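Number of protein chains: 4
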Amino acid sequence: MSGFEPGDPVYADRVRASFGRQKIMVLIGAQLVRLAPGECEIHLLFKPELSQQHGYYHGGIIGTIADSAGGYAAFTLMPRDASVLTVEYKMNLLAPGDGELLIARGRVLKAGRTLVVARVDAGVVKNGRETLCATLLQTLMTMHGRPDQ
Amino acid sequence: MSGFEPGDPVYADRVRASFGRQKIMVLIGAQLVRLAPGECEIHLLFKPELSQQHGYYHGGIIGTIADSAGGYAAFTLMPRDASVLTVEYKMNLLAPGDGELLIARGRVLKAGRTLVVARVDAGVVKNGRETLCATLLQTLMTMHGRPDQ
Amino acid sequence: MSGFEPGDPVYADRVRASFGRQKIMVLIGAQLVRLAPGECEIHLLFKPELSQQHGYYHGGIIGTIADSAGGYAAFTLMPRDASVLTVEYKMNLLAPGDGELLIARGRVLKAGRTLVVARVDAGVVKNGRETLCATLLQTLMTMHGRPDQ
Amino acid sequence: MSGFEPGDPVYADRVRASFGRQKIMVLIGAQLVRLAPGECEIHLLFKPELSQQHGYYHGGIIGTIADSAGGYAAFTLMPRDASVLTVEYKMNLLAPGDGELLIARGRVLKAGRTLVVARVDAGVVKNGRETLCATLLQTLMTMHGRPDQ
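Top line first, the protein sequences correspond to chains A, S, Z and H.
For the first sequence, our numbering begins at 1 and goes up steadily by one.
For the second sequence, our numbering begins at 1001 and goes up steadily by one.
For the third sequence, our numbering begins at 2001 and goes up steadily by one.
For the fourth sequence, our numbering begins at 3001 and goes up steadily by one.
One thing to keep in mind: the hints can contain errors.
Stretches of chain A that chain S covers, calculated by requiring three or more beta carbons in the stretch to come under 8 Å of a beta carbon on chain S [said to hold, decoys possible]: (1) 19-33; (2) 51-57; (3) 62-72; (4) 105-115; (5) 119-132.
If you're looking for bench data, these hints aren't it; they were derived computationally from the structure.
The structure presented is a predicted model; accordingly, all values stated were derived computationally and were not measured.
Even for Gly, the Cβ is constructed at its ideal location relative to N, Cα and C.
Build out the structure end to end from the sequences listed, making use of the hints.
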C-alpha cells in the first residue's frame, strides 16, 4: 500500500489508455502489468532486436520502460484534465541487462501540485532469478488543463 | 576540432563495428553519421512506432540514441583492448520531441584512465529547423582488457 | 551575450539582495561577481575550513556555490513577484578541487514559464591556471506570486 | 542489517579518522553519528549561518552532508589501502529544509570492485517530526593503492 490517493476514480483506465497510445511500447513489446495509486510496473521480454553490442538489453531501452513506469506511476495521481510530462531523469546502471525479462517498477516519492518525483527500479530476470540492473530518480510535471487525449 | 587524441589509429572502424552490433539501432532505424576523436553523432528519422502518447519521439528513445552517442564519443578515445560501459546518465527534456529527424551529438568533456564524462545534446528538426530538445550528462567506464568483440 | 531578456529591469538589484540574504555565502566567504540575463558567476577563495579529507574544496561546497550560481542565473529571468526554487541538480566532479580560487558560472539553457534548466561549470584556479573541476545540470522552478522577500 | 561485509575489520576507525579530516564538517557543525557496513548517518544542527535566502538550510549544504554520508557509507566497504572519491551525484529537493536538525542517511545500493552506487535520504526534523527533504543517487570510486592518509 502506497498511501497515495488516486487523482481520479477511474485512473487505471486513463493510464492504460495513455500507455496504449505509446506506440514505442508496441514496437519493443512492453506491457503494463500492474497499477496502483503512485505505482506502475512494466515488463519487457527479451528479444535480440533490443540489444546493445554485447547482446544485453540496451541501457536506453531500460531507460525507456523505466521512464514510462515512473511517468505512469505519477499519472495515477493526476486529475482527469491533466497530462504528464517527464522533466528529467537520472539512471544508474548497476548490472548488465542480461536476462529473459526486464521489469521496471515506478513509485512516487513525492507528489506536489505541479511536480512529482518518482523512483524506478529495474530488475532483469535470468533463469528465474531477478537482479537489480538499474535505478532511476525522475522528475515529472503535471500539465493541468491539458487532458492526455 | 576536439583536441582529443584517438585511443587507436583505426578507432572509427572499431566504433562502427560496435555500433553495427547494437541491434536496437536497426530496430529503431538509427544511423551513426559522424565520428571524430571524442565526438559522435547519431541520427534517427521519425516514424510513428517511436512515439509516446502525444505522437512525439518517446523520451526514452531520445535517451537511447543519446546514450549511444555519448558512449561512442568516449569509445573513440579508448584503447583497442577495451570496451565501453555506461555507468549512468542524467537527461533533461527541454522541448517536445516533435519533428521528422532527431540528432544526438555526444562530446567528451573529460577523459580519465578509467572514467570518461560526456555531454550529449539532442536536437529535433521540424520543417528544417532544429530545436534543442534534450541534454545529457553521462559517465562512462573504460573496461580495460575486455575488447568489444 | 546570452540572448535572454531579464524578467525585470532591476533584476540585478533583486538578485544581489537575495544573494545577500543567503547567510551560508557569508559563512563560506562566497562572492557574487557577475550577473547578466540568464548568467551568474560566484567566486569562493580557498580556506582550509572548506576542505574535505585530502585538503581540497569539499565537493558539496562546490555544489553549494554552483547551486546558487545556477539558481541566480535563472532568477535574473524571473518576474518581480517570483522567487526561485532548486528542483534538482546533478553534478559530475571532473578534477580535484585543488587551488586557491573556485569559480562557478551558471548559464540558463532553457527558460520555460514554470521550469528553468541551467548548466553550471565550476573551475578551480591554481597558480593562476584554471581547470574545469565540476559541471552541473540543474532544474529550477519559478514560484510565481511569491516574491523573494 | 545491510548484508554487506566491511572492507576492513577496523573500518569504523578509518572512516571516523577520515571524517575528522573534513574541516568543512567542523565549520558547519556536522557530526557522524552512526556507521555500519554500507551505511553512514550524519547530523547537522540548524544555525542561521547555514541558510539560503528564505532562512532554511541551503540546498548545497544538504548536498554537502549527503555527499559525505554516501561517500563514507561506500568507504566502510573499501580495503585499507584505498580512498574514496565522489564521481557524481544527483539530488532532488523534495521539501524546504525547514527545521532544527538535518539528518543524512547514506546506504550503498551496489558495490563493485571500482565503482560504488549509493542512495542518500535527507530528512529535516521540525518540532520533533521528520520530513524527507532530499534524496540523492550517487556514484563513488574506490581509489585502490591510495590510502586515505
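Exercise. May I ask which of the numbered hints given earlier this structure violates, with the numbers listed in increasing order?
Key: When the structure is compared with the hints, numbers 4 and 5 turn out to be violated.
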